[in-house]
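*Asks:* The residues making up each chain are set out below.
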Amino acid sequence: MQTSTVLLILVALAAISFFVGRKRSHLVAVGQGGAYGLHSLPKHYGYMAALWAGLPALLVLILWVGLESRVLTNMVVSQLPAEIQALPESELGLYFNQIVSFAQSGSDALGLSESQVAAAGYYQELLADSRVMKASLVFLVAVIGCLLALQRISPTLRARNHVESIFTWILFACSFIAVLTTLGIVLSVLFEAIRFFHAIPVTDFLFGLQWSPQMAIRIDQVGASGSFGFVPLLVGTLLISTVAMFIAVPVGLMSAIYLSEYATRRFRSLTKPVLEILAGVPTVVYGFFAALTVAPFIRNLGESIGLSVASESALAAGIVMGIMIIPFVMSLSDDIINAVPDSMREASLGMGATMNETIRKVLLPAALPGIVGGILLAVSRAIGETMIVVMAAGLSAKLTINPLEAVTTITVQIVTLLVGDQEFDSPKTLAAFALGLVLFFVTLLLNVIALYVVRKYREQYE
Amino acid sequence: MNSMTVTADGVISSPATARADLDIREHEHVSHYQTIGEPFVDNAKMSARNVNVFYDDKQAIFDVSLDIGGNEVIAMIGPSGCGKSTFLRVLNRMNDIIPICRVQGDISLDGDNIYGSDQDTVLLRARVGMVFQKPNPFPKSIYENVAYGPRIHGLAHSKAEMDEIVETSLRRASLFDEVKDQLDKPGTGLSGGQQQRLCIARAIAVSPEVILMDEPCSALDPIATARIEELIDELKANYTIAIVTHSMQQAARVSERTAYFHLGKLIEVGDTKEIFTMPKHELTENYITGRFG
Chain B
191 MQTSTVLLIL VALAAISFFV GRKRSHLVAV GQGGAYGLHS LPKHYGYMAA
241 LWAGLPALLV LILWVGLESR VLTNMVVSQL PAEIQALPES ELGLYFNQIV
291 SFAQSGSDAL GLSESQVAAA GYYQELLADS RVMKASLVFL VAVIGCLLAL
341 QRISPTLRAR NHVESIFTWI LFACSFIAVL TTLGIVLSVL FEAIRFFHAI
391 PVTDFLFGLQ WSPQMAIRID QVGASGSFGF VPLLVGTLLI STVAMFIAVP
441 VGLMSAIYLS EYATRRFRSL TKPVLEILAG VPTVVYGFFA ALTVAPFIRN
491 LGESIGLSVA SESALAAGIV MGIMIIPFVM SLSDDIINAV PDSMREASLG
541 MGATMNETIR KVLLPAALPG IVGGILLAVS RAIGETMIVV MAAGLSAKLT
591 INPLEAVTTI TVQIVTLLVG DQEFDSPKTL AAFALGLVLF FVTLLLNVIA
641 LYVVRKYREQ YE
Chain L
30 MNSMTVTADG VISSPATARA DLDIREHEHV SHYQTIGEPF VDNAKMSARN
80 VNVFYDDKQA IFDVSLDIGG NEVIAMIGPS GCGKSTFLRV LNRMNDIIPI
130 CRVQGDISLD GDNIYGSDQD TVLLRARVGM VFQKPNPFPK SIYENVAYGP
180 RIHGLAHSKA EMDEIVETSL RRASLFDEVK DQLDKPGTGL SGGQQQRLCI
230 ARAIAVSPEV ILMDEPCSAL DPIATARIEE LIDELKANYT IAIVTHSMQQ
280 AARVSERTAY FHLGKLIEVG DTKEIFTMPK HELTENYITG RFG
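Protein chains in written order, with this note's numbering: chain B, 191 to 652; chain L, 30 to 322.
Mixed in with the good hints, there may be bad ones.
Stated by the list, open to error - No farther apart than 20 Å at their CA atoms in a straight line, the calculated lysine to aspartate or glutamate pairs in the EDC-like style are these: (1) L/Lys214 - L/Glu193; (2) L/Lys302 - L/Glu285; (3) L/Lys265 - L/Glu244; (4) B/Lys618 - B/Asp394; (5) B/Lys551 - L/Asp213; (6) L/Lys163 - L/Glu244; (7) L/Lys302 - L/Glu314; (8) L/Lys169 - B/Glu536; (9) L/Lys188 - L/Asp210; (10) B/Lys551 - L/Glu173; (11) L/Lys163 - B/Asp532; (12) L/Lys309 - L/Glu285; (13) L/Lys169 - L/Asp210; (14) L/Lys163 - B/Glu536; (15) L/Lys169 - B/Glu547; (16) L/Lys87 - L/Asp125; (17) L/Lys169 - L/Glu193; (18) L/Lys302 - L/Asp262; (19) L/Lys169 - B/Asp532; (20) L/Lys209 - L/Glu193; (21) L/Lys265 - L/Glu101.
Said to hold, decoys possible - Computed spacing ranges between beta-carbons, pair by pair: (22) B/Thr544 - L/Lys302: 41 to 51 Å; (23) L/Arg131 - B/Thr544: 14 to 24 Å; (24) B/Glu466 - L/Gly319: 48 to 58 Å; (25) B/Arg456 - L/Asn100: 40 to 50 Å; (26) B/Arg458 - L/Glu285: 43 to 53 Å; (27) L/Asp210 - B/Leu491: 54 to 64 Å; (28) L/Gly319 - B/Asp525: 41 to 51 Å.
Calculated from the structure, these hints are not laboratory results.
Idealized CB from N, CA, C, for every residue including glycine.
Construct the entire structure; sequences and hints are all you get.
*Replies:* What follows is the structure, encoded as structure tokens:
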């Protein structure tokens, strides 16, 4: 039986358990003067039975699916001739993959040895057994769970509290998964980065002014310097982000002020969805907008006044990235300005201040910490943005602060390092992990600052 | 004059005024309704004539005519939702902020129509200041709170002049002695009563002629309330004060005239003493004796 079928039947079993559990609580309650004699509502007994039937069985299913392939592999390999078992790990893996693909598709037995065909048959047998065992074990656990729950149902059973605590644990497990995933990503990046730093010293990476990650794979290759100075990438990233913020912050902030303080309800209800659409445009669309429209326009404009502008310039990428971030800055600032109590507006307007003075002297100072927090969140988005920069700002790692030249960013270099066929033990590929680690720390730092500022803001008004 | 037609659909009711609602219904059948007492005075500072206020289609004030005399304290009382706060806010056009609010009738300050096309809310609000229900100092220093108005209106030409204005205003609000050593501390750090006196100081820093107070003591404890009431007594030498209050004792203590509002209508107005000792209208009497409110 397929795993999905097992899952569906399990859900059905849990549903049946719910109804049986509820029914049973009614039966138990008869001697107690009806449902009022029960500690909890009948549905809670139903939920309890369903959870007892579903959860342990689900756990068994997950474990089985997770471990199945490893156990099967070991069983098949142990049946193979001794000389094949003695092969190095990578060749053994290849050999085994041939068995599996033959067993699954049943075609192309030509290139296979006799022992492989035999092993494939054995593998198929094991797989069929495993499926039957999986299904029966899962259903057995479900039925036992359900019966145990039913047996416990009595008028004094605190089913409501029981169900509540199970749900608390489910919620805890979900948040734990999120934390675990983050930790896993950070650790895997960290370990790969450490491998990189074995090949390239940390100081060369952090303080080097030259980024040219082409490494000689063979000894006779030329033109590969393999220098991994990270400074030009950082400067490029900051340059583009700065340009983006110069666009996004004034436009976003001022439109937020207009929307929250001046706009009529009608205008607001029309504008907000449009800006949400702007936020929903995929970055790759912004990317070719930048590369095909904005960048040539800036180059032509620059040439017409006698400036030399690269056809892929930091300015073009920054402007388009800024446009992308406008809705982000705007909606955060809008929320924060709206959160300033109306009594502040009334106080200022009641003194005879104009709307403009009220905004400049009362609302913005009061909302400033929150706005700063929002802007920092926007900056960390700008730093993490990849697609626009890949398409519009180019790949040349030039150390410059002239926005008219082509620069490259950390994220773009990660993409180029990992695109295509790469070997995962050369510093060139591992450099991507080191870059990822640095990027992670930069955005983490900004987020921490942003959260700190936002929290401080929250304490100001209740 | 002062006739009003009460229509069934024009009556605003809310759960809080359900009992009051029953009471007014007896008068719905009266097609002509006259405010009892004398709404007009000789030395009127502000005067309202036949004022109607609408929120969208709902009418909140029905044909109210009332004078506010120079250097007097007039109290406006009435059950919740009776329109007394709305009327107060109409007097310095604070209702302009609310887009759905519409005002009909004439309101003048020293004879000039404040809703006239040549009127500017900036100047009007400098002449008619306001103190709100909940103390609302800016999250700035005590000094900056008081200096806010004078800065906006360009009243001080030097630091020394500004210091002078701030000190005078704080003294008039009888707050100076308590805060003179901490003028650079945030105004939000003061106690509720001190915050409200700071708001009064802020209002009088621009030398208004009229001060509107919208239940200024409703968020304060009795001691702080007593201080504000004393202050109102001192301020009336220099300012005209209109105060909305829920507390009849407060109205009786601080005001010279009292106006009783009920469901958007000005029912009765007269000398405070008379209103509280010999109310002429049944509704006023019911309210004052605590039969509803």
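*Asks:* Give a verdict on every hint.
*Replies:* Here is how each hint holds up against the structure:
| no. | hint | in the structure |
| --- | --- | --- |
| 1 | L/Lys214 - L/Glu193 | 18 Å, holds |
| 2 | L/Lys302 - L/Glu285 | 8 Å, holds |
| 3 | L/Lys265 - L/Glu244 | 17 Å, holds |
| 4 | B/Lys618 - B/Asp394 | 14 Å, holds |
| 5 | B/Lys551 - L/Asp213 | 17 Å, holds |
| 6 | L/Lys163 - L/Glu244 | 8 Å, holds |
| 7 | L/Lys302 - L/Glu314 | 13 Å, holds |
| 8 | L/Lys169 - B/Glu536 | 16 Å, holds |
| 9 | L/Lys188 - L/Asp210 | 18 Å, holds |
| 10 | B/Lys551 - L/Glu173 | 11 Å, holds |
| 11 | L/Lys163 - B/Asp532 | 11 Å, holds |
| 12 | L/Lys309 - L/Glu285 | 17 Å, holds |
| 13 | L/Lys169 - L/Asp210 | 16 Å, holds |
| 14 | L/Lys163 - B/Glu536 | 11 Å, holds |
| 15 | L/Lys169 - B/Glu547 | 15 Å, holds |
| 16 | L/Lys87 - L/Asp125 | 16 Å, holds |
| 17 | L/Lys169 - L/Glu193 | 19 Å, holds |
| 18 | L/Lys302 - L/Asp262 | 16 Å, holds |
| 19 | L/Lys169 - B/Asp532 | 16 Å, holds |
| 20 | L/Lys209 - L/Glu193 | 13 Å, holds |
| 21 | L/Lys265 - L/Glu101 | 6 Å, holds |
| 22 | B/Thr544 - L/Lys302: 41 to 51 Å | 42 Å, holds |
| 23 | L/Arg131 - B/Thr544: 14 to 24 Å | 22 Å, holds |
| 24 | B/Glu466 - L/Gly319: 48 to 58 Å | 54 Å, holds |
| 25 | B/Arg456 - L/Asn100: 40 to 50 Å | 45 Å, holds |
| 26 | B/Arg458 - L/Glu285: 43 to 53 Å | 46 Å, holds |
| 27 | L/Asp210 - B/Leu491: 54 to 64 Å | 60 Å, holds |
| 28 | L/Gly319 - B/Asp525: 41 to 51 Å | 45 Å, holds |
Checked against the numbered hints given earlier, this structure breaks none of them.
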